[in-house]
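**Q** Read off the chains here:
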Amino acid sequence: MTEQSKLITAVIDGKQVTVAAGTMILKAAESIGITIPVFCYHPRLTISGSCRMCLVEIEGGSKPVTACSTELAAGVVVYTNTPTVLEARREIMENLLINHPLDCPVCDKGGECLLQDHAYDWGPGASRFTERKRLFRKPIPLSDRILLDRERCILCTRCVRFCDEISDHRELAILEMGGNSEIAVAPDRAFDSQFSGNTVELCPVGALTSTSFRFKARPWEMARLPGICPFCGCGCSIDIHTRSGNIMRFMARENPAVDDGWLCDRGRYGFDLSGGSERLTKPLVRKQGRLVAVSWKEAIATAVEKLRRAVSQYGPGAVGGIGSAWSSSEENDLLQRLIRESLESHNVDCSLTDDGRPAALALAEGLGTFTFNDIDRADSILMIGADPSRYQPILDLRLKKAVITRRTPIFTLASTDGEMARYARESLRYRAGSEESLLRLLTAAVKKEKRYDSFESDLRAGGLSREAIDRGLERAGLGPRTVVLVNASLLTDDVRVYLVKELVAAMGAGASTGLLFDSANGFGARTAGAVPGYLPGLRPIDRGMSGPEMVVAAERSTLKALYILNREHHDSAAVARARRGAELLICHALFLDEASGSGDIVFPAASVFEKQGTFTNTAGLAQSTAPVLNPPGEARPESTVIEEIMERLKQ
Amino acid sequence: MEKMLFKRIDVPNAADITVAEKHGAYSQVGKAFGIKPEDLVNEVKRSGLRGRGGAGFPAGLKWELCARVPGDVKYLLCNADEGEPGTFKDRFILEQDPHLLIEGMIIAGHAIGAQQGYIYLRAEYPKAAGILEKAIEQAYAKGFLGKNILGKGVKFDLSVHGGAGAYICGEETALIESLEGKRGQPRSRPPFPASSGAWRKPTVINNVETLANIPFIVALGAETYAKIGEESAPGPKLFAVSGAVNNPGGFELPMGTTLREIIYTHAGGIKDGKQLKAVIPGGASTPMLTADHLDVKADFNSLMAAGSMLGSGAVIVMDDTACMVNVTAVLIRFFEHESCGKCTPCREGTGWLYKVYRRILSGEGKPDDVDLLLSICESIRGKCFCPLGEGAIQPVLSSIAHFRSDYEQCVNGRGCGREEQCRKVLH
Amino acid sequence: MSAQHAGRAGQTAERPERKSVFSNDLVERIEKATLRYPDRKAALIPALNMIQRELGYLNRDAVRFVAKQLSIPESEVYGTASFYSLLGWQPTGRHVIHVCHNLSCSLLGAESLIEHLEKKLGVGEGEVTPDGRFSYARIECIGRCDGAPAILIDDDYHGNLTPESIEQVLEQYT
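Residue numbers (this note's numbering), protein chains in the order written: chain A, 1 to 651; chain B, 652 to 1078; chain C, 1079 to 1252.
Among the hints, erroneous ones may be present.
[To be verified] DSS-like, lysine-lysine: derived pairs with alpha carbons at most 27 Å apart:
#, chain 1, residue 1, chain 2, residue 2
1, C, 1146, A, 401
2, B, 925, B, 1075
3, A, 401, B, 852
4, B, 793, C, 1110
5, A, 133, B, 1017
6, B, 1075, C, 1198
7, B, 793, B, 687
8, B, 833, C, 1198
Quick caveat, the hints were computed from the structure, so don't treat them as lab data.
Let's have the full structure, built from the sequences with the hints guiding it.
**A** See below:
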């Protein structure tokens, strides 16, 4: 292997180290367990080499060099702990601290601050600086989420580099020069990137803080537990920080298969699910028209009795269950078992407004095979109706990385404006509703077929032409290692699924397809069987009503009983319509609102942070989460409730 | 010595191409085009020409490093950003004989394979900007610039790129950043500009004076040229003398002329019959010397041996009325102002130094301050991203080394009686 | 336009822009300047210099205009513009006096000259005289050390100045 031949050997602190040629001293040292202090260096950003904290000595060298930006040369002898190096660290620390406000007691970063830690480990202990420090008004808001304290800033530029290199939103810059330098946004502009929170985490000091965490907790007071972000279909890895039964913040936990160590602000700052409302803590059962708090025993007994009665009175076809693309696979599995096995109905879906089946068919047909890492390797990317910048933000970063670092060509086709269009070699707009014609035309274009006049005229009406598509395909250079990303919600019927399948097949073996779900478990709800016509594992079964069909049927009272999982993620209007004709409405809910309040039996649910569960992200990666909080009051995870109901129904 | 670089300086209207041509301008272009690029590079290597911007890097070697990198697109940049305080030697060429520079650049472009050149001109030279623009226009009109120079199929385009006031842009990589439209902050090296410079293409950056030497190397041949001046660094050298002298100005002298000859023979000696107290031999960032060093030859090696540097050849003379604390404070004010802010030691260290100087000059100095200044210099020394910080500490270190008594007078608590004058520096 | 810049420039365009106060001639000159470089961005400093010549200083509108014209994020235009000490953000007089205060000029009386000038003009550094005629600022070495103390008024150098001779110099500017 060529890389094998490019290995070099050198000595760091007396230890021999063998690394690939071109490896920086810092990384080489790290590989043999030698840590060199840094501020500006960050493994996922370009090298700045400006803080000078990582100075090390090379034997025979005239002066110390920065370990972060100096390649380890074959045969050199490096020292990271000589008096010269230690003195250099003391000097850099003293210089960094002369203008620093030393307000650690009131700084949110205290306890996890590199400046504090390095000062403790390497600093001079006392300062000889007796002049006036540089003063700034502080803190200044960069947006309603992010605040900047310029006095604490050490100008490492990690935040600026993040905005330039990763999000490519470029809102931050250094203004002025020398000792007057400051991080800033352009006047009258806000730091409104949906990735802004990453800069707070990247900031090695307390210069960038988030409004949501400011003065809320000290880092050492919090418990940290690993989790998966539940706010979109990406499923980024997070560390959940809690204190006294409350979530205080999310921090990124690098998962190269998903997030590259970044989070979007929707995920990072979305942990407060309450919106200020009070959680439901007791089961409620409707008695004489009013919901009253009852014991779990009574609530479950009532549910069992009423479900049993509905089936015996109206037949299994009059009962339906709605899972949720935002609930775990286990919960969806139990829901479909409750409906199919215990109540012997086929009426199962995961949404009240959309038929969940076509996307399941797509998965069953072998679409949805892509992984996030495929993006890194793709020859080209075709995006159909997808807007990851809005709905799968971390995928947006992955796509930008491909464009910025590899110039991967992207061809976007969308009915709305999306950020990715600006990174595309070609971006075309189609009229919403013309997706079927679009897919036919695309396939014809890929196959270089002519003769599709009928649907071409449909597209022309929407401003799209065969010529434009040909040009897009030409520019993007679609081929065997193309990744096709399709907005899963475009798959509204079987025809579209087969058209996508044909399109991908036309591209040749090796092309991978991603169905982009905007929900945390859109993929998993389907593979768990919470859709019409599919059992877990996408095994086919008789098809009952879809969610929208159930709503219509309930409204017309042909569906008598509806069991809803995860009320908060379902459309309120649809719940209200179903309520109108349904005799029995059972739901699991976190809050009592108009929709849940219209139920006959309301089970206080556990939030996603209060229970165990598996979520399959939009790239088919199944990830399990563990509870980080206890449910409030008597609220219980849905799974235990459904299990108990199923158990009782057997008796 | 017969003048070379300044040969047309006294010719009236030499900035006009017709006049310049009459006095020999562009006479070497044809000859140079007849020489293969690699031979031209070798010729410059053999001439021994060392860069005149300050660092003294062998010009031919710089060219060779760039010429060797494969690629069709290369750039030649002329560093006309002489911002080192006390330096104004290039100004004479830029304002009075721009065609010498243009001729040098055409030849250099041919040698390294660059078809595009830029003259990065400091904003403080607005007069030169107009003159250069016009000279370039004339050179295009006469066919010395453009797609097919002298009908020999050589292409070279040239334009002036004006700066906007930043000393740091005299540093090669900062100059490139600035040319590209960014903040003038130095880049990490490697890669060196020779392999990845302007727009990441192979790039040579030469000082005005360096490029002005090129037509003479072509005219004389490397061997003859190498006999001028010092063997270790041949050629003529421009010196800019200012400060407390009777006849300040720019002088073309052989490399290795002594400081005494420069100051007393050419610059007319010390003003008002006073004595020389200190001399900065190569611009603000070169260590100060004293009257004891007057017989040191002004060339790279001799000045280095004397503890200073040739730098840009900007000789600033202080007479015996000068307070060296005040002088150094003025220079530190400059370096603090011009530190780009990228790296910690320079950004924070120069600021700290200046604050201590301000305090000393305002009469609040303490005896420990002198050692504190030295210690701050140590915290900067050898740790900066680029040479600016290293240069900034030189006046402090050298003034304390040679004139510690001036400092002690300032910090002894009794004052020196000239505080009023000093305070003005604090603005 | 490179992909890296596309995002931000696009975002800028979403906001309603006021009608540009900048002349077509300026747009043309900036466009012409871009032709000298392999990347439009390189025309940033030339463009800022041109605007400063026209307006006397830079402001928010200038930054937005240039950002749009050259497809550079506004934050970066601010960052770059604020880096250079001869690009200013305050209104200036009809004539701008730059007084060198670096070493060679300082040795030969620059500070007394500044003191005199401030008294004569009745304004401090960065301020405009009430009649709008002058504003003055200190400047680092302007390379006229052979004429120290030296100043720059607009594009003209004046050297070997004394408190008396500077008054005569000022009279040349109306």
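**Q** State for each hint whether it applies.
**A** How the hints compare with the structure:
1. C:1146 to A:401: Cα-Cα ~24 Å, so holds.
2. B:925 to B:1075: 24 Å, holds
3. A:401 to B:852: 23 Å, holds
4. B:793 to C:1110: Since the Cα atoms of residue 793 of chain B and residue 1110 of chain C sit roughly 22 Å apart, the hinted pair holds (cutoff 27 Å).
5. A:133 to B:1017: 19 Å, holds
6. B:1075 to C:1198: 17 Å, holds
7. B:793 to B:687: 23 Å, holds
8. B:833 to C:1198: 38 Å, violated
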